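All chains, please: the whole structure from these sequences, using the hints.
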Amino acid sequence: MTLAGSPQSSDGGAGNVGSGNVGSGNVGSGGDSSVGGADLAIEVVGVTKRFPGVIANSDVNIAVRRGTVHAVVGENGAGKSTLMKVLYGMLRPDEGEIRIGGKPVTFHSPSDAIAAGVGMVHQHFMLADNFTVLENIVLGSEPTARGALNFGAARQKILALSKTYGLDLAPDELVENLGVGDRQRVEIAKVLFRGARLLILDEPTAVLVPHEVDELFDNLRELKSEGLTILFISHKLDEVISVADDITVIRRGMTVGTANPHSITPRQLAEMMVGSELPSPQTRTDTVREAVVLSVAGLTVADADGRDIVQDVSFDIRAGQVFGIAGVEGNGQSELVEALMGIRPAKSGRITLNGADLTRQTTRERRLAGIGYIPEDRQRQGLILEGSLWENRVLGHSDSPPNIKGPLIDRAGARRDTERIVREFDVRTPGIDIPALALSGGNQQKLIVGRELSGSPVLLIASQPTRGVDVGAQAAIWEQVRNARAAGLAVLLISADLEELIGMSDAIQVILRGRFVGAADPATVTAEELGSAMTGAGSAAGAA
Amino acid sequence: MTTSTVAETAAPAPRRFSRTSPSLLLVVAMGAFLVLSAVRTFTGGYDLTSSGTVAAGLSAAVPIGLAGLGGLWAERSGVVNIGLEGMMILGTWGCGFLGYNHGPWAGLLFGTLLGAAGGLIHAIATVTFGVDHIISGVAINIIAPGLALYLTKVTFAHYEGGGQKQSPPINDAKAITLPFSHWLHTIEDKHWFAVSDLAGLIGGVTTRLSLVTLLAVLVLVGSGWILWRTAFGLRLRSCGEAPYAAESLGVNVYKYKYIAVVVSGAMAGLGGSALAISAHQFRDGQTGGRGFIGLAALIFGNWRPGSLAAGAGLFGYTDAIQLRSSAAVHALLLLMAIALALIAVWQWRTGQRTIAVVALVIAVLSVLWFADTKKVPDELVGTTPYVVTILVLALASQRLRMPKADGKVYRRGEGH
Ligand SMILES: Nc1ncnc2c1ncn2[C@@H]1O[C@H](COP(=O)(O)OP(=O)(O)OP(=O)(O)O)[C@@H](O)[C@H]1O
Ligand SMILES: [Mg+2]
Chain R
3 MTLAGSPQSS DGGAGNVGSG NVGSGNVGSG GDSSVGGADL AIEVVGVTKR
53 FPGVIANSDV NIAVRRGTVH AVVGENGAGK STLMKVLYGM LRPDEGEIRI
103 GGKPVTFHSP SDAIAAGVGM VHQHFMLADN FTVLENIVLG SEPTARGALN
153 FGAARQKILA LSKTYGLDLA PDELVENLGV GDRQRVEIAK VLFRGARLLI
203 LDEPTAVLVP HEVDELFDNL RELKSEGLTI LFISHKLDEV ISVADDITVI
253 RRGMTVGTAN PHSITPRQLA EMMVGSELPS PQTRTDTVRE AVVLSVAGLT
303 VADADGRDIV QDVSFDIRAG QVFGIAGVEG NGQSELVEAL MGIRPAKSGR
353 ITLNGADLTR QTTRERRLAG IGYIPEDRQR QGLILEGSLW ENRVLGHSDS
403 PPNIKGPLID RAGARRDTER IVREFDVRTP GIDIPALALS GGNQQKLIVG
453 RELSGSPVLL IASQPTRGVD VGAQAAIWEQ VRNARAAGLA VLLISADLEE
503 LIGMSDAIQV ILRGRFVGAA DPATVTAEEL GSAMTGAGSA AGAA
Chain D
11 MTTSTVAETA APAPRRFSRT SPSLLLVVAM GAFLVLSAVR TFTGGYDLTS
61 SGTVAAGLSA AVPIGLAGLG GLWAERSGVV NIGLEGMMIL GTWGCGFLGY
111 NHGPWAGLLF GTLLGAAGGL IHAIATVTFG VDHIISGVAI NIIAPGLALY
161 LTKVTFAHYE GGGQKQSPPI NDAKAITLPF SHWLHTIEDK HWFAVSDLAG
211 LIGGVTTRLS LVTLLAVLVL VGSGWILWRT AFGLRLRSCG EAPYAAESLG
261 VNVYKYKYIA VVVSGAMAGL GGSALAISAH QFRDGQTGGR GFIGLAALIF
311 GNWRPGSLAA GAGLFGYTDA IQLRSSAAVH ALLLLMAIAL ALIAVWQWRT
361 GQRTIAVVAL VIAVLSVLWF ADTKKVPDEL VGTTPYVVTI LVLALASQRL
411 RMPKADGKVY RRGEGH
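Chain order of the listed sequences is R and D.
Counting the first sequence from 1 gives a position; our numbering is that position plus 2.
Counting the second sequence from 1 gives a position; our numbering is that position plus 10.
One thing to keep in mind: the hints can contain errors.
Cβ-Cβ distance ranges computed for the label pairs, FRET-style [unchecked claim]: (1) R:G154 - D:L228: 42 to 52 Å; (2) R:T166 - D:V37: 51 to 61 Å; (3) D:T240 - R:G408: 51 to 61 Å; (4) D:K200 - R:T146: 47 to 57 Å; (5) D:K175 - R:G154: 49 to 59 Å; (6) D:W235 - R:P347: 51 to 61 Å; (7) R:K349 - D:V374: 30 to 40 Å; (8) D:K414 - R:E421: 30 to 40 Å.
Covered by chain R, according to a simulated footprint, are these stretches of chain D (three or more residues, beta-carbon under 8 Å) [what the hints assert, rightly or not]: (9) 146 to 160; (10) 182 to 193; (11) 237 to 243.
I should point out that these hints are in silico values taken from the structure, not numbers from a laboratory.
If you're wondering where the values come from, they're calculated on a predicted model, not measured in any experiment.
Ideal Cβ positions, reconstructed from N, Cα and C, are used throughout, including at glycine.
In structure tokens:
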């Protein structure tokens, strides 16, 4: 395979734009694609895809060399997921062509793509919750014996896959009992099970903690060494640079150029994505006040089977304080948050907000008491996907202005406030009447953050607030949270992004197996130290 | 990503696919049987366990069970089929139409086909045109009886033995009697505790067992096998749980939904045919809401074939008792009270306190009613099967979980 100066698609015109200003562009040579075609796993030539009111992809060109990891980066709504769906046969391009091994192909459905050796892990999970891991993996390409599904053979193959790539799969577990990290592995196993030669991963690392990311990347390198090609999307630019062999940058639906991961810095890459300079991160200020806003004492939460999944957790959050919880997914964070929101009952313990006992209150009463909530899974818990943006603005806030006027919904007020959120949080959308499902993942997230920061809450519970959000928007969200914090907002922050956790928090606790196992001082702790404390391997620096 | 060794140990131990273990089922069945014979001995309601009741109950359960199975097929693929009642009516009429001069099996086949045709209409409306599932189902329920009655008037009214509202008689389907069954009747008549009851139960299933009933049992077991053991079944169920995930793996969701809904109609049609055969003719209004009871058995049976069959059996059994003797209906009050008391204990232990209390209150009321009267008023006897079935099923059900995308309109490529 060719290394530097990799062949580009014949249609190199769009590929040139904007790559020059970072001086690292590995820009198309404009050579005949049929020459390089043999080395290319997949090639996108002049693909355009329009949605009503939006051009998601406009004359996109990408050439992916066989046996490489190729990253696609771009802002929220730049059209990355759309392009991947086109490659996987879920969407039909309006113009342009896809070539595999130099030959043009037309995919009418994902099964065509699967047959051509293309597999995809979606940005949002595509799993049946009420099915077992095995059932989810084999669906659509089931091994059979004498007319029946051959569970034995399937189990063996899955366990073998699991062993080879360290996926840690429990074939007979129900998917609904799995955390996001495990779900991610199931998704990857689905693709590998089908024997895909080209893997498309849409933001696979958004839900993983650092060492999980490292292991995923080890897996990817392994796959690569076996000749598989990987096309992946990520907003975490340092990880893109560390793992990718080639990088393609997309901005507002167009290919801006390619970058060489060996010579570009994350900052340069970010500027190439955004098309302008990024603001510098501001310095930390101490805004913590005396008054305790949230006080949790001896909280124990049980799961559906009666096991204690959160055990005897106590903490206080003060006004103007960001309290961070670090932990590997599935150690009780979700249950803790759900108990605080009243979605899941507390088995024992007390929750007080500004001195008022909330332990037996309903979710609605807690929200009215001033709790804002950014759920970890935006599509399952944060939005009505079929509802319009302004209706989603009202969701969860249907008891307070500007959404109501007397007993009625105040459409005009809600719409005006939605316009404000779209403006202030830079939600990229053609309008506020389109359904939430037409927004890109990152823009859905921005809408939720905007909604939950509205109406001056006293406490914000933020689970993965910037998951799937691009660097620019991430900085903007942090800015908004910091401002609210300066005005006295108490924040409970749970994030798999340890840089974010350390950068934002005034205090950090590590959660392991449902218990707080140590405090860390955000001023001194490093992501590595925190990461190992989360696995129980070492104690966090500055442990209290 | 061996990574989550930690998360792994922290996470709850894997909860395996929960299915009641066979030994537990056996214990429950034994217990139920002993209670049944105790109540029979105590009240003298001999028909509680007579072979006649069992046989009648079995054949009464068949249409309900088949309707429920129809619901199972459709809803597992994500289409709510409230039109089962209507499809069943088409089945009864179809069975009458061919059954009276070509024999019960030809009638059964035609009834099944008509039911399938009803299913096809439902599939076209809901899958292709995205009509709301309930609206389409209700429309079928309104049109089917009218259509059946109209067809009856233009056909059966002119036939010998037929009428404005009924078909000429249909012959019985072949029935099998095992050689030892007359022994059992002798034992049954002694009214010994447990022994005679057991003889009654076995006698009921081995004497004049209709082949239609046998067919229904095969269809039940076969459906369970297809839906849970084959690749086809997995795909079909995936359409009801996560159609867009299925689509992303190359499953043709439309195709599976179509198949499921047509089979669903066929099952309902088969149920209707079985009903017509056991009544020896088609009669207007014959189904009497059995399609809905089947649907209830499906829902409270948590969309699983075994539990839905149990629900159908319960209805069939109470229906048979109600038809056979009012003394037994009176004894049924006591039986239901015991059953509800047991359910109350169980629900209490699993943490469902409210349900437990409701069950207990109804149990106490039934005991009082039983003790205070000699018989259940005639006006109420006919409703017993409906009331008992719904009460017991509703109160005994646990954490009902319908297929996640059930009733939702699916459009290819509109996943997100
Ligand atoms: N089904 C749809 N209907 C209408 N518009 C859509 C649809 N899907 C995507 N879009 C629009 O197309 C554009 C590109 O969306 P896409 O999901 O590809 O972005 P993305 O680059 O993946 O962003 P993110 O990083 O936030 O996931 C967005 O403006 C989005 O609103
Ligand atoms: Mg995306």
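List, from low to high, the hint numbers that the structure doesn't satisfy. 1, 2, 6, 9 and 10
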